[in-house]
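Novice: Positions 59 to 224 (our numbering) are the ones given, in order, by the sequence shown.
Treat the hints as calculated values from the structure; they're not laboratory data. A portion of the hints provided could be inaccurate.
Listed below are the simulated DSS-like cross-link pairs for lysine-lysine, each with C-alpha atoms no more than 27 angstroms apart in a straight line [as the list claims (entries may be wrong)]:
#	residue 1	residue 2
1	K108	K98
2	K205	K188
3	K65	K184
4	K128	K193
5	K128	K197
Here are the simulated distance ranges between beta carbons [to be verified]:
#	residue 1	residue 2	range
6	E113	H209	14 to 24 angstroms
7	G203	G64	29 to 39 angstroms
8	K184	E97	18 to 28 angstroms
9	G122	K65	29 to 39 angstroms
10	H209	L86	15 to 25 angstroms
11	R78	R112	27 to 37 angstroms
12	I212	S85	16 to 26 angstroms
Here a beta-carbon is modelled for each residue, glycine too, at the ideal position from N, C-alpha and C.
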Amino acid sequence: MGLRAGKTPMIVDATAGLGRDSFLLASLGAQVTLIERSEKMHALLVQGMKRAAREGGQIREIIGRMTLLKGDALDVIPELAGEAILIDPMHPERKNSALVKQDLRQVREIVGSDDDAADLVRLAIKHARKRVVLKWPAKAAPIEGVKKCTHQIIGKTTRYDVFMIS
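Build out the structure end to end from the sequences listed, making use of the hints.
Specialist: Below, the structure is given as structure tokens:
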């Protein structure tokens, strides 16, 4: 995402969800703009961020580096000037019998599927200043209709497809 010592990039989290990725990035010093299109998820994030800010101290500082916007990232991204854009769409249904974590099952019930993920990645590539990072299951096929990524960071269960902007 472009985090380095002494460098605090402006990151757009185009699919805020529970806000975990944004909180982690903000805790590392980044300024993060979260975009959430689901009314229910947005309301939950507003509540959670207010509650966390009341904790004070370091948590309040981290929340202070996070800006939450309500809207569809397809409409909002062209108006923002993010160095990096993170996209973590709802992942495809698993083919094995292992259950997805309870909180993620609940998020899927609230937001449904992200059928426009390919459109979002293409738009992000067009508007990001330095990079787009797609968080995707390690074993899942690439999203159809999206150009090949510049490089990948592959973990045990998650893969980050990185698209560098020239």
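Novice: Now look at each hint and say whether the structure bears it out.
Specialist: Hint-by-hint comparison with the structure:
1. K108 - K98: holds, 16 angstroms
2. K205 - K188: holds, 16 angstroms
3. K65 - K184: Holds: K65 and K184 sit about 23 angstroms apart, inside 27 angstroms.
4. K128 - K193: holds, 21 angstroms
5. K128 - K197: violated, 31 angstroms
6. E113 - H209: 14 to 24 angstroms: Once the Cβ atoms are compared, 37 angstroms apart, the range 14 to 24 angstroms for H209 and E113 is violated.
7. G203 - G64: 29 to 39 angstroms: holds, 38 angstroms
8. K184 - E97: 18 to 28 angstroms: holds, 27 angstroms
9. G122 - K65: 29 to 39 angstroms: Between G122 and K65, where Cβ atoms are some 18 angstroms apart, the hint is violated.
10. H209 - L86: 15 to 25 angstroms: Distance hint for H209, L86 holds at roughly 20 angstroms.
11. R78 - R112: 27 to 37 angstroms: Violated: the Cβ-Cβ distance is about 19 angstroms, outside 27 to 37 angstroms.
12. I212 - S85: 16 to 26 angstroms: The hint (16 to 26 angstroms, Cβ to Cβ) holds, given that I212 and S85 are roughly 23 angstroms apart.
Violated hints, in rising order: 5, 6, 9, 11; the structure is consistent with all others.
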